[in-house]
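Make the full structure from the sequences, and use the hints.
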Amino acid sequence: MGIALGVGIAYFLTVSFVKHSNDIGDFSGRLSDFGQLRIIASEDGLHSAKPSGRGSVVLKEQLQKEKEWRG
Amino acid sequence: MQKNYRCPRCRATMEFDPELGKMHCKYCGGVFSVPKSDESADAKKAEEAEARAKEEREEQARKEQEAKREKEKKKQKARQHAKMKMQILHCNSCGAELAVNEVEASSFCAYCGQATVVLDRVEEYLEPDYIIPFSVTKEQAESAIREKLKRGYYVPSVIKNFEVEKLRGIYIPFWLYDIYYGDEKYFKYSARVTSKTYVTRYIHHVAEMHFKRLTQDASKRLNDDISERLEPYDMAGLKEFQPMYLSGFYADRFDVGTKDAKDVALTRAKELFDEAVKQDLCDHSNLRLTYTNPLSKVIKSEYALLPAWFLTFRIEDQPYTILVNGQTGKTIGAVPCVKKKATLTFLILSIIFSAITVPLAGFLVGPFFMVVDTEGAVLYIMALLGIMTIAAGIAWGKGIRKLRAFHDSIKLTCSGDARSFVHERQEK
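Chains as they are written, first to last, in my numbering: chain A, 1 to 71; chain B, 1001 to 1428.
Don't take each hint at face value.
[What the hints assert, rightly or not] For lysine-lysine, the following DSS-like pairs were computed, each having C-alpha atoms within a straight-line distance of at most 25 angstroms:
{"no.": "1", "chain 1": "B", "residue 1": "K1262", "chain 2": "A", "residue 2": "K19"}
{"no.": "2", "chain 1": "B", "residue 1": "K1220", "chain 2": "B", "residue 2": "K1148"}
{"no.": "3", "chain 1": "B", "residue 1": "K1339", "chain 2": "A", "residue 2": "K19"}
{"no.": "4", "chain 1": "B", "residue 1": "K1160", "chain 2": "B", "residue 2": "K1341"}
{"no.": "5", "chain 1": "A", "residue 1": "K67", "chain 2": "B", "residue 2": "K1262"}
[Unchecked claim] A few chain B residues that face chain A, going by a derived Cβ cut-off under 7 angstroms, partial list only:
{"no.": "6", "residue": "M1209"}
{"no.": "7", "residue": "K1212"}
{"no.": "8", "residue": "L1295"}
{"no.": "9", "residue": "F1406"}
Bear in mind the hints are in silico, worked out from the structure with no lab data behind them. Remember, predicted model here, so these are calculated numbers, not experimental data. From the three backbone atoms N, C-alpha and C, an ideal C-beta is built for every residue, glycine too.
The structure is reproduced here in structure tokens:
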């Protein structure tokens, strides 16, 4: 088991070195490049609430405002 | 006829207070100077004129806004039908097609690296709305790539010494989407009250995101993962399209319509939104989503050309492509490693770490045979073996995951799409 652990660590380090050497660049654009999250409501409580659809109504209104603003 | 003077605060009737020499309201106690007769008339006229002027200004602003929107709509409509003539170059090796704005005497194919490109025809292209012109020169792109590769100990020397002729600037077609995304989510999670008791709590979360110019590549040939890796592009650098920007560069043609790309963009918007919500709620662990009601809409779509430098080369007849973002200089790509060096590294590290872990295991196990009873020793050894097995499993697991990620990166830069494109052409 000592050998398995030693070889496992060696394998992990070898792959890390090779990846660092040969895989250039990082992945994907940052979230903030495209927009910011805007919290409309965030409640944390002990009581479970059945989805009332209030949030969806607010979101639909926001979307309508966005469409009107854009013309 | 006596006129009632109303208090401007509470609208009660005021009376002149001789002691104060001013109008006094007995209800609210307000005291007001007696306006001069022409002053009050002037003030009233001024108020009316002010109100009229304000109305006119608002009306003017509304008309200007309306005119602006009309102009924008006409412009968009005109762009939809605006075409431009481009010369199409065809590669006889892989079948790739690239468009140029002026004739090039000889060139290598930017996709497969072969010098088999010929002028095929002139075609009309849909004119883009915007373009981000190249701001990274060929020399800067070359030095960015050489800088990344020269530091790579495991990079083959044939890749480190690439030929500059095989570096091509290409404008990649993208759809830019303004997307509205909102979601109402309900979560539940277990919160610790004491060391032994937990309580279930519930989160109601409503949020929205306005995505501005979310990019989605409009070329089937270019893998979406590659184009995402090239990001981010700074949209502040977008300019109204002029054909002169294409001089000296290629432009890839768009073959993914906005309707197809829209669905992919909406999926991407959802992933980015969910990621943002996860970050917002990162203080809570073990969140379980119980309800979600997303609302998404593409508000606007635009067609733009974004710049990238392509370096293509072949190793053992396999094409690889390294890309450089033509605006920011970000370099992406993965190249195969020198297997002998990697194997040697693995062997040396295995010897070193085994030389540490084997004696360590012996040192930890040994004393218990001498001191503790047999049953206790067995339990202890089993626990120790368990811990070492888990540690070994973690090391191997992480190593395998990293290797898989590295192979995925190499696959992306292997121009897999171009290869299958060639294969189809060869079979026809």
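Tested hints:
no., hint, result
1, B/K1262 - A/K19, "violated, 34 angstroms"
2, B/K1220 - B/K1148, "violated, 28 angstroms"
3, B/K1339 - A/K19, "holds, 13 angstroms"
4, B/K1160 - B/K1341, "holds, 16 angstroms"
5, A/K67 - B/K1262, "holds, 17 angstroms"
6, M1209, "holds, 5 angstroms"
7, K1212, "holds, 6 angstroms"
8, L1295, "holds, 5 angstroms"
9, F1406, "holds, 5 angstroms"
Violated hints, listed in ascending order, are 1, 2; each of the other numbered hints is respected by the structure.
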